[in-house]
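I would like the entire structure built from these sequences, with the hints used as guidance.
Read off the chains here:
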Amino acid sequence: MAHRYTSDLTRDDVTPKQLYLNRRQIMMGGTALMGAGLGAGKARAEDAWDLTLTSYEDVTSYNNFYEFGTDKSDPARNAHMMTTDPWEIVIDGMVDNPGTYSLAEIVEGQTIEERIYRLRCVERWSMVIPWQGFEFADLLERVGVQEGARYVAFETLARPEEMPGLRVPIIDWPYKEGLRLDEAMHPLTILATGLYDEPMPNQNGAPIRLVVPWKYGYKSIKSIVRITLTDEQPPTAWNTYAPNEYGFYSNVNPNRSHPRWSQEFERRVGGGLFARNIETLMFNGYEEEVAHMYEGMDLIEFH
Amino acid sequence: MAASDNIPASMTLTQRANAAIRQVPVWLVYVLGAAHGAWLFYLGATGGLGAEPINELERRYGEVAIQLILLGLAVTPLRQYFGLNLMPLRRSIGVLAFFFVLAHFLVWAVLDVQTAARVWDDIVKRPYVTIGMAGFVLLIPLGVTSNNLSVRKLGPVLWRRLHKLVYPAAVLGAVHYLWLAKGFQIEPLVYLAITLVLLATRLPWSDRSRRA
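Protein chains in written order, with my numbering: chain A, -19 to 283; chain B, 47 to 258.
Incorrect hints may have been included.
[What the hints assert, rightly or not] Computed list of lysine-lysine pairs in DSBU-like fashion (alpha-carbon distance at most 35 Å, straight line):
(1) B/K210 - B/K228
(2) B/K210 - B/K171
(3) A/K52 - B/K199
(4) B/K171 - B/K228
(5) B/K199 - B/K210
(6) A/K52 - B/K171
[Stated by the list, open to error] Cβ pair distances, simulated, as ranges:
(7) A/A138 - B/A163: 12 to 22 Å
(8) A/R256 - B/V236: 30 to 40 Å
(9) A/M273 - B/L208: 40 to 50 Å
(10) B/S192 - A/S237: 37 to 47 Å
(11) B/R248 - A/R57: 52 to 62 Å
(12) A/R147 - B/A163: 22 to 32 Å
(13) B/D167 - A/D72: 40 to 50 Å
(14) B/S192 - A/A271: 36 to 46 Å
(15) B/D167 - A/A84: 45 to 55 Å
(16) B/R207 - A/E267: 26 to 36 Å
(17) B/R248 - A/V70: 29 to 39 Å
(18) A/R256 - B/G201: 46 to 56 Å
None of these hints come from the bench; they were simulated from the model. The structure displayed is predicted, hence computed values, not measured ones. C-beta atoms are modelled at their ideal positions from N, C-alpha and C, and glycine is treated no differently.
Spelled out as structure tokens, the structure:
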């Protein structure tokens, strides 16, 4: 069922179109005007509630997608090597209709809608992105979740000839993620097939990726090739690598400090060299929508 | 007069290089280093360092700093094992390294973390920040005494002993870099390996000639 969630504002409310298309140029113009650049970057977020869109250029040039390299600019440089057509997703485990589905079969009949979400990376940077996609719950409904299933596991493509980053065992490839079933079924959780009304760029997780806006960015797994329903909590990439640093839940939580970064604050990408930090919101600002799922849970222990 | 005019053709390649190095004015090293630092800052302020220039500038300054520290540590083994004499430039390399560490620290504290309370919090609570900070603190007396007056006042023996603080500082810097990387990454491991190799050449058993 589509449209279970609507953000308060549309894209035109949050940012005039010319601005989000040209923010970097405008900023650079301002910089030239002001000499050293002090005071430039008028698009700075005042606080984390701000839904001013991050420019298309920044969203597609500053990425973490380690299959293509660990530098933020590597995915934009290397992701063109990835073949995204044809694309198949294996759906298996505790479902009524397991099988290998083509992308067309997955997307067919789904209502593609726009969701403007904050994206908060564990590295303390954040963006606001207009995604196009559909609710993951609608796909689960179609494949039929069996009684007793409690978790959903996801896997990213791992194709060494198209992904230079796989040569280095940065983590245990392929990249894996997972959600509790209620989290997966939550209306905020979407499978996105595009952003800014463009087909999903490869560096952002083409052709189809998960977006879970109240969790740190690495939970929103990219370029999905496998979805498995299970009754056990599945292993997830960063949690396996460093359990004390990255929990299974990984809900955005300013009170739970990561061993290497305080999570109290963040900085919107695109604000330039003098951008101010802003206070991070509990559940990335989606507390009202999602807090009920974690009632009675110690969110520091189950981070 | 061009440098090559002073170098007889009969010299070996190493001798020619050493003669050329002796003619490099020290101020030129400082000017080039300062220009590079300023250029990186200018790039950051004008969109040339990507979408998140604060973290990028922080990283670039840190990388130049560790490269200069390693170059400084390479001076003695290069002379010992290959006869290449960078000694006339060593002090300026060291001073530049110190200023890049300082710039790295300032970008982190002022532009990245932004408040004194959070800077302190990070230094106390985050081990990779703590050891980076420790490395920086060890370099401060070296930066302060990198002048002829200090050499005279301390005397060469004490001065040289003091400047061996660069050994632990280099290790701390390399570990700091390794620790802040997410996942298993090659680049910081390479820096750490080079650091350890350069320090190993200082161990007594590897001393083929005399200690430098």
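Going through the hints against the structure:
1. B/K210 - B/K228: 31 Å, holds
2. B/K210 - B/K171: 28 Å, holds
3. A/K52 - B/K199: 49 Å, violated
4. B/K171 - B/K228: 18 Å, holds
5. B/K199 - B/K210: Cα-Cα ~17 Å, so holds.
6. A/K52 - B/K171: Distance of about 26 Å is within 35 Å: holds.
7. A/A138 - B/A163: 12 to 22 Å: Given a distance of about 43 Å, which is not inside 12 to 22 Å, the answer is violated.
8. A/R256 - B/V236: 30 to 40 Å: 35 Å, holds
9. A/M273 - B/L208: 40 to 50 Å: 59 Å, violated
10. B/S192 - A/S237: 37 to 47 Å: Between B/S192 and A/S237, where Cβ atoms are some 38 Å apart, the hint holds.
11. B/R248 - A/R57: 52 to 62 Å: 40 Å, violated
12. A/R147 - B/A163: 22 to 32 Å: Between A/R147 and B/A163, where Cβ atoms are some 42 Å apart, the hint is violated.
13. B/D167 - A/D72: 40 to 50 Å: 46 Å, holds
14. B/S192 - A/A271: 36 to 46 Å: 56 Å, violated
15. B/D167 - A/A84: 45 to 55 Å: 51 Å, holds
16. B/R207 - A/E267: 26 to 36 Å: Violated, at about 58 Å.
17. B/R248 - A/V70: 29 to 39 Å: 56 Å, violated
18. A/R256 - B/G201: 46 to 56 Å: 49 Å, holds
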